[in-house]
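**Student:** Read off the chains here:
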Amino acid sequence: MTPYTETLRHLARLPGVIVAMTAGAKDGLIIENSDGAGSRGDASAHRHTAALGAFLYARSGRASAAAKLGEPVFMRLEAERGQLCVVGCGEIVLLALVEASANVGRIRLDMLTARGAA
Amino acid sequence: MTAPTVGEKWVEEPFRRFLDDARIKCGVVLLSTGRVIAQYGFAGPDDVMSVCALASAINASSRELGKQLDGKPFGELHHAGGERQLYMGSCTVGGSDYLFVGVFDAESSVGVVEMYFGDFRRALEESWNSSTPAAPTHGDFEGDLNRSLDALFGPIE
Numbered sequence: 006m007t008p009y010t011e012t013l014r015h016l017a018r019l020p021g022v023i024v025a026m027t028a029g030a031k032d033g034l035i036i037e038n039s040d041g042a043g044s045r046g047d048a049s050a051h052r053h054t055a056a057l058g059a060f061l062y063a064r065s066g067r068a069s070a071a072a073k074l075g076e077p078v079f080m081r082l083e084a085e086r087g088q089l090c091v092v093g094c095g096e097i098v099l100l101a102l103v104e105a106s107a108n109v110g111r112i113r114l115d116m117l118t119a120r121g122a123a
Numbered sequence: 011m012t013a014p015t016v017g018e019k020w021v022e023e024p025f026r027r028f029l030d031d032a033r034i035k036c037g038v039v040l041l042s043t044g045r046v047i048a049q050y051g052f053a054g055p056d057d058v059m060s061v062c063a064l065a066s067a068i069n070a071s072s073r074e075l076g077k078q079l080d081g082k083p084f085g086e087l088h089h090a091g092g093e094r095q096l097y098m099g100s101c102t103v104g105g106s107d108y109l110f111v112g113v114f115d116a117e118s119s120v121g122v123v124e125m126y127f128g129d130f131r132r133a134l135e136e137s138w139n140s141s142t143p144a145a146p147t148h149g150d151f152e153g154d155l156n157r158s159l160d161a162l163f164g165p166i167e
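Sequences listed follow chains A and B, in order.
The opening position of the first sequence corresponds to residue 6 in this note's numbering, with each subsequent residue numbered one higher.
The opening position of the second sequence corresponds to residue 11 in this note's numbering, with each subsequent residue numbered one higher.
A couple of the hints might just be wrong.
Unchecked claim - No more than 25 Å apart at the CA atoms, straight line, and that leaves these computed lysine to any residue pairs for SDA-like: (1) A:Lys31 to B:Cys36; (2) B:Lys35 to A:Leu57; (3) A:Lys31 to A:Ala107; (4) A:Lys31 to A:Ser106; (5) A:Lys31 to B:Lys82; (6) A:Lys31 to A:Ala48; (7) A:Lys31 to B:Asp31; (8) A:Lys73 to B:Phe163; (9) A:Lys31 to B:Ser100; (10) A:Lys31 to B:Met59; (11) B:Lys82 to A:Leu34; (12) B:Lys19 to B:Met59; (13) A:Lys31 to A:Ser65; (14) A:Lys31 to A:Asn108; (15) A:Lys31 to B:Arg131; (16) B:Lys35 to A:His53; (17) A:Lys31 to B:Lys77; (18) A:Lys31 to A:Met80; (19) B:Lys82 to B:Arg132; (20) B:Lys19 to B:Arg132.
To be verified - Simulated restraints, written as ranges between beta carbons of each label pair: (21) A:Leu114 to B:Ala63: 36 to 44 Å; (22) A:Ser69 to B:Arg94: 22 to 30 Å; (23) A:Ala84 to B:Asp56: 26 to 34 Å; (24) A:Met6 to B:Ala161: 51 to 59 Å; (25) A:Ala72 to B:His89: 29 to 37 Å; (26) B:Ser140 to A:Gly87: 43 to 51 Å; (27) B:Glu136 to A:Ser106: 50 to 58 Å; (28) A:Glu85 to B:Pro165: 49 to 57 Å; (29) A:Glu104 to B:His88: 44 to 52 Å; (30) B:Glu136 to A:Glu104: 27 to 35 Å; (31) A:Ser69 to B:Arg26: 43 to 51 Å.
Keep in mind the hints are simulated off the structure, nothing from the lab.
Here the structure is a predicted model, which means the values were calculated and not measured.
From the three backbone atoms N, C-alpha and C, an ideal C-beta is built for every residue, glycine too.
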């Protein structure tokens with residue numbers, strides 16, 4: 006159990022969420038995922054998603070700083086067949102891989118609530 | 011990025027792509043016996059020779075340690091330093107065990123390096139299968155080592 010276990014379970018139960026994970030912000034290694042709580046997909050793809058998602062979030066932080074916008078709060082990558090949402094929570098990042106049709110507003114709210122609670 | 015130097019042609023393209031994708035600052039591919047196959051970012055043969063000898067010894071120790079602790083050899087090793095980090099991984103291609111040792115910094119992450127190392131392993135297997143590499147030689151370790159270093163850095167004058 007970590008402070009994010011319940012958040013991950015909750016996110017995984019939302020319609021359209023493929024998997025929710027926490028990963029190290031610096032190393033991109035998965036700390037915990039929502040496996041067993043309705044997540045789909047293969048473990049290798051999840052590892053890759055976490056590694057690149059955390060890396061991309063770190064890069065977006067640099068872009069945000071360069072633009073004098075401060076810390077990034079929420080990152081959403083929209084692709085052809087789905088979306089990747091990332092929220093930074095200090096030493097970790099919270100990631101949600103979702104289908105294109107998912108209610109991103111609800112997912113965003115829940116991820117930001119988890120960040121606020123942390 | 012300066013070009014990596016390779017002793018075996020079939021390793022060149024996978025190695026170059028891996029270095030680029032994973033943002034490796036310097037790295038070396040070697041046989042588990044310590045013979046160098048390819049290098050990037052090292053100043054000269056002495057550095058490469060030291061790294062290969064150490065990597066080979068670390069691999070032998072960690073494999074044995076893994077067997078004793080977990081019944082199977084450890085596959086990867088990561089050392090997180092202050093600014094720079096070290097990653098070591100192994101793979102078997104064409105019946106020979108190969109090691110990779112690389113250094114990266116905050117421009118990359120161990121998750122990213124680990125992921126691209128998986129791609130590198132697959133690319134090496136494909137490259138091996140689609141080319142006709144020279145069979146590895148056995149028995150003349152010192153001669154092999156010197157020939158490899160000469161191929162990467164030129165003959166020592």
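**Student:** Failing hints, ascending?
**Tutor:** 3, 4, 5, 8, 10, 14, 17, 21, 23, 26, 27, 29 and 31
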